[in-house]
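If you want the building blocks of each chain, they are given just below.
There are 2 protein chains.
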Amino acid sequence: MDRRRIISLLDPEWTRMTGLMRQSLSSCVPLLDKTNCSIMDNMGKMLRPMLSLLMARACGKPDEDSIRFAAASEMLHNATLMHDDVTDGSLERRGRPSVMSLLGSGAAVLIGDFWLSKAVELISSSGNRDDVMKLFSKTLSDLAEGEILQMEKAGTADTSEEDYLRIIYCKTASLFEATCVLGAISAGGCPKYIDAARSYAANAGIAFQIKDDILDYAGDESLGKPVGVDVAEQKITLPLLEALKSSDRVEEVRGMIRDIRNHPDYCSEVRRFVYDNHGIEKAAVRLDGFISRAEEALVPLPASVEKDMLVELVRYNAFRRV
Amino acid sequence: MDRRRIISLLDPEWTRMTGLMRQSLSSCVPLLDKTNCSIMDNMGKMLRPMLSLLMARACGKPDEDSIRFAAASEMLHNATLMHDDVTDGSLERRGRPSVMSLLGSGAAVLIGDFWLSKAVELISSSGNRDDVMKLFSKTLSDLAEGEILQMEKAGTADTSEEDYLRIIYCKTASLFEATCVLGAISAGGCPKYIDAARSYAANAGIAFQIKDDILDYAGDESLGKPVGVDVAEQKITLPLLEALKSSDRVEEVRGMIRDIRNHPDYCSEVRRFVYDNHGIEKAAVRLDGFISRAEEALVPLPASVEKDMLVELVRYNAFRRV
Numbered sequence: 001m002d003r004r005r006i007i008s009l010l011d012p013e014w015t016r017m018t019g020l021m022r023q024s025l026s027s028c029v030p031l032l033d034k035t036n037c038s039i040m041d042n043m044g045k046m047l048r049p050m051l052s053l054l055m056a057r058a059c060g061k062p063d064e065d066s067i068r069f070a071a072a073s074e075m076l077h078n079a080t081l082m083h084d085d086v087t088d089g090s091l092e093r094r095g096r097p098s099v100m101s102l103l104g105s106g107a108a109v110l111i112g113d114f115w116l117s118k119a120v121e122l123i124s125s126s127g128n129r130d131d132v133m134k135l136f137s138k139t140l141s142d143l144a145e146g147e148i149l150q151m152e153k154a155g156t157a158d159t160s161e162e163d164y165l166r167i168i169y170c171k172t173a174s175l176f177e178a179t180c181v182l183g184a185i186s187a188g189g190c191p192k193y194i195d196a197a198r199s200y201a202a203n204a205g206i207a208f209q210i211k212d213d214i215l216d217y218a219g220d221e222s223l224g225k226p227v228g229v230d231v232a233e234q235k236i237t238l239p240l241l242e243a244l245k246s247s248d249r250v251e252e253v254r255g256m257i258r259d260i261r262n263h264p265d266y267c268s269e270v271r272r273f274v275y276d277n278h279g280i281e282k283a284a285v286r287l288d289g290f291i292s293r294a295e296e297a298l299v300p301l302p303a304s305v306e307k308d309m310l311v312e313l314v315r316y317n318a319f320r321r322v
Numbered sequence: 001m002d003r004r005r006i007i008s009l010l011d012p013e014w015t016r017m018t019g020l021m022r023q024s025l026s027s028c029v030p031l032l033d034k035t036n037c038s039i040m041d042n043m044g045k046m047l048r049p050m051l052s053l054l055m056a057r058a059c060g061k062p063d064e065d066s067i068r069f070a071a072a073s074e075m076l077h078n079a080t081l082m083h084d085d086v087t088d089g090s091l092e093r094r095g096r097p098s099v100m101s102l103l104g105s106g107a108a109v110l111i112g113d114f115w116l117s118k119a120v121e122l123i124s125s126s127g128n129r130d131d132v133m134k135l136f137s138k139t140l141s142d143l144a145e146g147e148i149l150q151m152e153k154a155g156t157a158d159t160s161e162e163d164y165l166r167i168i169y170c171k172t173a174s175l176f177e178a179t180c181v182l183g184a185i186s187a188g189g190c191p192k193y194i195d196a197a198r199s200y201a202a203n204a205g206i207a208f209q210i211k212d213d214i215l216d217y218a219g220d221e222s223l224g225k226p227v228g229v230d231v232a233e234q235k236i237t238l239p240l241l242e243a244l245k246s247s248d249r250v251e252e253v254r255g256m257i258r259d260i261r262n263h264p265d266y267c268s269e270v271r272r273f274v275y276d277n278h279g280i281e282k283a284a285v286r287l288d289g290f291i292s293r294a295e296e297a298l299v300p301l302p303a304s305v306e307k308d309m310l311v312e313l314v315r316y317n318a319f320r321r322v
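In the order they appear, the protein sequences are chains A and B. Residues in the first sequence are numbered consecutively from 1, following the numbering used here. Residues in the second sequence are numbered consecutively from 1, following the numbering used here.
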């Protein structure tokens, strides 16, 4: 994926979107302002505003609200990352010390709250489109509920495939969906286009998270992203679920996950079980299914370079290495 | 203050409001649902929905939105308390173990996020009243910004009176203001009544926080609320600011605050300084000023039992012992 090409295509909206983010997040509290600037200087892929603005263009004509929704989705995403760092005790974020490790968990919670509040403020300053705030607040609660369900399931090691799909929908796909649907709505897309945006984004979001979960087993640590974190945190994801399907060692493996805090050596054993039972390959087949469904969902949209890029983005996801 | 009398006066709205809270906060994630129920079984004073519904009645005729706003303000308040417990490392809340101490800081952050998202959802399901969501999201960011400013000032011990008033406006009075203004708006109050609600609530909120800060110096620990926490956490509040005003030991005392983590014995020394320099009495005089301004603000409202209770509530605050 050529990120620079997409961003330059998305101008002038992209530049206005990043400007709006900086403006919204400025504060006269020096500690907050400085931290916000330093986060914005190291923003990562910015996939959500990219999707939002591409979808807006693919469905109609972006307006001021398209800019707001794109900025708000990235701000909400970063708010949840700051809170996740507290939940997971993560000292690094995007290759640099996390807010939590620099300023403590209290500051990470509060600065996350500030980003979240500014996202809500941006959404609330949009034109009076009835369902916009409802959709956004549903995503807010999905994000929290998904993480809590994942936390609850981690201890008991009884995550079913249904639980897993629900968790990844809530923690990743729900915000993909909101950002694309809001993009489509703001650009004046017809109901058919809005449905297409919803279906594309839900499938792309699930695919994105499945790929993340595959990389946790099969990634290349030298590229900067640690592997093996999920098993160590007792998270049962698709590669393990797929490996368990054809196995007669289900109870034994689930028992190891439950007991992994006392037996760190179980980590490599569970990971070997996944490799031996082709969990990664089978998860990759499932991933392909979601990617295809995301692509198919775009069929109703008129041909455009932005539509092509939406296809490219979801395909690229299958091959990304970090 | 006879809490039961106010609640029984506020029925049927009160019962509908608590029912709506339970309904909004129900979840099919068992850990979340169980925790939410247990928080709701031990809700404390519930001052914010009380103010909101009293103000709605005092300004006009409460409707469905009045119920929603009252519930949302209490939910947002509880969300911030869960996050504050993480920030302050508080193991107790309302005499029971805090969510953080029971389930860890990660869960406290996420469950707080869930309560916050449900408050936003309730506000967003209100009728299309333009400024409602803007006011609510301003309060959201005030809450975070106030806490962060307080955190920043704690380390440097250079809190001015202006900083202090800004901190307590943001962390307490802003939500008082939102809850009363939303009550007045939802009941169809005219602009004059809405202004009265705003001024009453801002002054009452500041008075409430000043009283809290006085109790931290002069409270009775046997009633269940610990004292001396603020100085130990390097927070400079009004009793100390007032004591500093007439003193020639300003730099020495600020130096002790800066160094208090290495010298816990400075706590009692700073507290003695406050007593000796009549910081508590002087803060109480300031408190009376805010209470009077809150009362005066209500003058434009027509006579009603609810208006009398709003006066009673803000006066009671001067005498409360916890």
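Treat each hint with caution, since some may be false.
A pair holds if it fits inside one copy or across any two, identical chains being indistinguishable in the list.
[As the list claims (entries may be wrong)] Using 27 Å as the maximum straight-line C-alpha spacing, the simulated BS3-like pairs for lysine-lysine come out as follows:
1. Lys-34 <-> Lys-138
2. Lys-134 <-> Lys-34
3. Lys-225 <-> Lys-138
4. Lys-61 <-> Lys-34
5. Lys-225 <-> Lys-134
6. Lys-192 <-> Lys-61
7. Lys-134 <-> Lys-61
8. Lys-245 <-> Lys-307
9. Lys-235 <-> Lys-34
10. Lys-45 <-> Lys-225
11. Lys-61 <-> Lys-245
12. Lys-134 <-> Lys-245
13. Lys-192 <-> Lys-225
14. Lys-235 <-> Lys-61
15. Lys-192 <-> Lys-235
16. Lys-192 <-> Lys-138
17. Lys-282 <-> Lys-235
Please keep in mind that the hints were generated in silico from the structure rather than gathered at the bench. Nothing here was measured: the structure is a model prediction, and the numbers come from that model.
These are the hints, each one checked on the structure:
no.: 1; hint: Lys-34 <-> Lys-138; verdict: between (31 Å within a copy, 20 Å between copies)
no.: 2; hint: Lys-134 <-> Lys-34; verdict: between (32 Å within a copy, 25 Å between copies)
no.: 3; hint: Lys-225 <-> Lys-138; verdict: neither (30 Å within a copy, 37 Å between copies)
no.: 4; hint: Lys-61 <-> Lys-34; verdict: neither (35 Å within a copy, 46 Å between copies)
no.: 5; hint: Lys-225 <-> Lys-134; verdict: neither (35 Å within a copy, 39 Å between copies)
no.: 6; hint: Lys-192 <-> Lys-61; verdict: within (16 Å within a copy, 42 Å between copies)
no.: 7; hint: Lys-134 <-> Lys-61; verdict: both (23 Å within a copy, 26 Å between copies)
no.: 8; hint: Lys-245 <-> Lys-307; verdict: neither (37 Å within a copy, 66 Å between copies)
no.: 9; hint: Lys-235 <-> Lys-34; verdict: between (35 Å within a copy, 22 Å between copies)
no.: 10; hint: Lys-45 <-> Lys-225; verdict: within (14 Å within a copy, 47 Å between copies)
no.: 11; hint: Lys-61 <-> Lys-245; verdict: neither (47 Å within a copy, 60 Å between copies)
no.: 12; hint: Lys-134 <-> Lys-245; verdict: neither (38 Å within a copy, 50 Å between copies)
no.: 13; hint: Lys-192 <-> Lys-225; verdict: neither (39 Å within a copy, 58 Å between copies)
no.: 14; hint: Lys-235 <-> Lys-61; verdict: neither (42 Å within a copy, 51 Å between copies)
no.: 15; hint: Lys-192 <-> Lys-235; verdict: neither (37 Å within a copy, 56 Å between copies)
no.: 16; hint: Lys-192 <-> Lys-138; verdict: within (21 Å within a copy, 35 Å between copies)
no.: 17; hint: Lys-282 <-> Lys-235; verdict: within (18 Å within a copy, 56 Å between copies)
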